[in-house]
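Visitor: Sequence:
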Amino acid sequence: MQYRPFGKTGISISALGFGAMRLPRKTIGEKMVYDHEASVALLRQGIDSGINYVDTAPGYCDRESEIIVGKALRDGYRDKVYLSTKLPGEDEGYEASRKRLETSLERLQTDHIDFYHLWGLPYDHFVQEGIQEQVRMAQRALEEGLIRHLSFSSHDKPENIIKLIDTGLFSSMLCQYNLLDRANEDVITYAAEKGLGVVIMGPIGGGRLGYPSKQVQALLPGKVHSSPEIALRFVLTHPSVSCALSGMGSPAMVEENIKVASQDSALTREERDQITRAMEEHKARANLYCTGCNYCMPCPVGVNIPLNFELMNYHRVYGLTDHARSDYATIGKVPWFIGKKASACVECGECETKCPQHLEIRRQLKETAEVMEEK
3 MQYRPFGKTG ISISALGFGA MRLPRKTIGE KMVYDHEASV ALLRQGIDSG
53 INYVDTAPGY CDRESEIIVG KALRDGYRDK VYLSTKLPGE DEGYEASRKR
103 LETSLERLQT DHIDFYHLWG LPYDHFVQEG IQEQVRMAQR ALEEGLIRHL
153 SFSSHDKPEN IIKLIDTGLF SSMLCQYNLL DRANEDVITY AAEKGLGVVI
203 MGPIGGGRLG YPSKQVQALL PGKVHSSPEI ALRFVLTHPS VSCALSGMGS
253 PAMVEENIKV ASQDSALTRE ERDQITRAME EHKARANLYC TGCNYCMPCP
303 VGVNIPLNFE LMNYHRVYGL TDHARSDYAT IGKVPWFIGK KASACVECGE
353 CETKCPQHLE IRRQLKETAE VMEEK
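Position one of the sequence shown corresponds to residue 3 (the numbering used here), numbered consecutively onward.
I should point out that these hints are in silico values taken from the structure, not numbers from a laboratory. Idealized CB from N, CA, C, for every residue including glycine. Any given hint might turn out to be false.
[What the hints assert, rightly or not] Pair ranges (Cβ atoms, derived):
#: 1; residue 1: Asp113; residue 2: Ala254; range: 28 to 36 Å
#: 2; residue 1: Lys356; residue 2: Gln111; range: 54 to 62 Å
#: 3; residue 1: Gln111; residue 2: Cys357; range: 53 to 61 Å
[Said to hold, decoys possible] Quick list of in silico lysine-lysine cross-link-like pairs, DSSO-like style, CA-CA up to 30 Å:
#: 4; residue 1: Lys261; residue 2: Lys28
#: 5; residue 1: Lys28; residue 2: Lys335
#: 6; residue 1: Lys33; residue 2: Lys356
#: 7; residue 1: Lys368; residue 2: Lys73
#: 8; residue 1: Lys73; residue 2: Lys28
#: 9; residue 1: Lys159; residue 2: Lys28
#: 10; residue 1: Lys335; residue 2: Lys159
#: 11; residue 1: Lys82; residue 2: Lys196
#: 12; residue 1: Lys342; residue 2: Lys159
#: 13; residue 1: Lys10; residue 2: Lys165
#: 14; residue 1: Lys10; residue 2: Lys196
#: 15; residue 1: Lys159; residue 2: Lys10
#: 16; residue 1: Lys159; residue 2: Lys196
#: 17; residue 1: Lys82; residue 2: Lys261
#: 18; residue 1: Lys368; residue 2: Lys342
#: 19; residue 1: Lys28; residue 2: Lys10
#: 20; residue 1: Lys82; residue 2: Lys10
#: 21; residue 1: Lys261; residue 2: Lys10
#: 22; residue 1: Lys33; residue 2: Lys82
#: 23; residue 1: Lys159; residue 2: Lys82
#: 24; residue 1: Lys101; residue 2: Lys165
#: 25; residue 1: Lys335; residue 2: Lys33
#: 26; residue 1: Lys335; residue 2: Lys368
#: 27; residue 1: Lys356; residue 2: Lys342
#: 28; residue 1: Lys368; residue 2: Lys356
#: 29; residue 1: Lys101; residue 2: Lys73
#: 30; residue 1: Lys101; residue 2: Lys82
#: 31; residue 1: Lys196; residue 2: Lys165
Work out the full structure: start from the sequences and follow the hints.
Guide: Laid out in structure tokens, this is it:
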């Protein structure tokens, strides 16, 4: 396992972190439940292989993740890892936040949390009074030794993440970065320059790059065995990345990721430049179909046009067909994929009058429905 300096904390952290959000499940009767025994074994497999950073949160795995991690860290395993969990960003006061911290400590069966994150923090929310009460609570917990470092995670715009870094309050940050989404590339460098440890969520593109793709594997022909391998190597090659989290759900996945993080798998500058150029070309191709500007919205019947086209691009541009179909099936069923599927289009044509690229949206929606709903 490779270990890297974690900002100014004085800690060396494993290049691969265990994200405890996709733990194994099993069927009991007709119900799917989290398999605590298998999950504990999986976490310990990772730790025994050199992972020393475990990340969880109160809401992960139907609110069972912290409990499972707590079980996994018994029998001396707690002393082998740096433990990360999170404080939800609800606008609540000091006492409610303190209660959340105490609940996490109890569920994790520990007397301290190494990295306590203000969770999913946008800058405009950070300046509100309720979040400032959370900060005050966390600073008091630091003094008491209940937490060792205050951190944040954010999906905000890069310029707003920089504002959070500049507050000087945080020891580390957790942000998204992967082959498909490089918006935070410069932010990661900036954070490291300011002395923060940098942990990456979604290095496999939130699972998208976990699916087979000839296009992705062709980025380094003959030099990689799978799409996840090249995705993880790409992230770990960024010189300012301390650790890449992976939500691992099987022993094989742990073994494969450990192998990548344990070897000197850094891409050469030429290889990284080659991949970057290829991904920019793919993005340019995707933009020929839809740039995601949202001018076509709202649709009179509720079709989420940009989302449908984004998933179609995963299929035709990146070769991630299985992932695209899997996500398409959940449109309108989960809160992060609101609206309706392409097949709900009634071909009124209103969207085409608003599209600055003059795309044949009705035809493309029909094509999307045919591909995504193919039996």
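Visitor: Indicate, hint by hint, whether the structure satisfies it.
Guide: We went through each hint and held it up to the structure:
1. Asp113 / Ala254: 28 to 36 Å: 34 Å, holds
2. Lys356 / Gln111: 54 to 62 Å: About 55 Å separates the Cβ atoms of Lys356 and Gln111, which means 54 to 62 Å holds.
3. Gln111 / Cys357: 53 to 61 Å: 55 Å, holds
4. Lys261 / Lys28: 27 Å, holds
5. Lys28 / Lys335: 23 Å, holds
6. Lys33 / Lys356: 46 Å, violated
7. Lys368 / Lys73: Distance ~50 Å between Lys368 and Lys73 Cα, so the pair is violated.
8. Lys73 / Lys28: Since the Cα atoms of Lys73 and Lys28 sit roughly 18 Å apart, the hinted pair holds (cutoff 30 Å).
9. Lys159 / Lys28: 38 Å, violated
10. Lys335 / Lys159: With Cα atoms ~26 Å apart, Lys335 and Lys159 stay inside 30 Å; holds.
11. Lys82 / Lys196: Holds, because 27 Å separates the two Cα atoms, which is no more than 30 Å.
12. Lys342 / Lys159: 26 Å, holds
13. Lys10 / Lys165: Cα-Cα ~19 Å, so holds.
14. Lys10 / Lys196: It holds: about 9 Å lies between the C-alpha atoms, which stays within 30 Å.
15. Lys159 / Lys10: 24 Å, holds
16. Lys159 / Lys196: With Cα atoms ~18 Å apart, Lys159 and Lys196 stay inside 30 Å; holds.
17. Lys82 / Lys261: Holds, at about 20 Å.
18. Lys368 / Lys342: With Cα atoms ~13 Å apart, Lys368 and Lys342 stay inside 30 Å; holds.
19. Lys28 / Lys10: 41 Å, violated
20. Lys82 / Lys10: 20 Å, holds
21. Lys261 / Lys10: 27 Å, holds
22. Lys33 / Lys82: 34 Å, violated
23. Lys159 / Lys82: 35 Å, violated
24. Lys101 / Lys165: Holds, because 28 Å separates the two Cα atoms, which is no more than 30 Å.
25. Lys335 / Lys33: 19 Å, holds
26. Lys335 / Lys368: 21 Å, holds
27. Lys356 / Lys342: 19 Å, holds
28. Lys368 / Lys356: Cα-Cα ~18 Å, so holds.
29. Lys101 / Lys73: This hinted pair holds, its Cα atoms lying about 21 Å apart.
30. Lys101 / Lys82: Holds: Lys101 and Lys82 sit about 27 Å apart, inside 30 Å.
31. Lys196 / Lys165: 12 Å, holds
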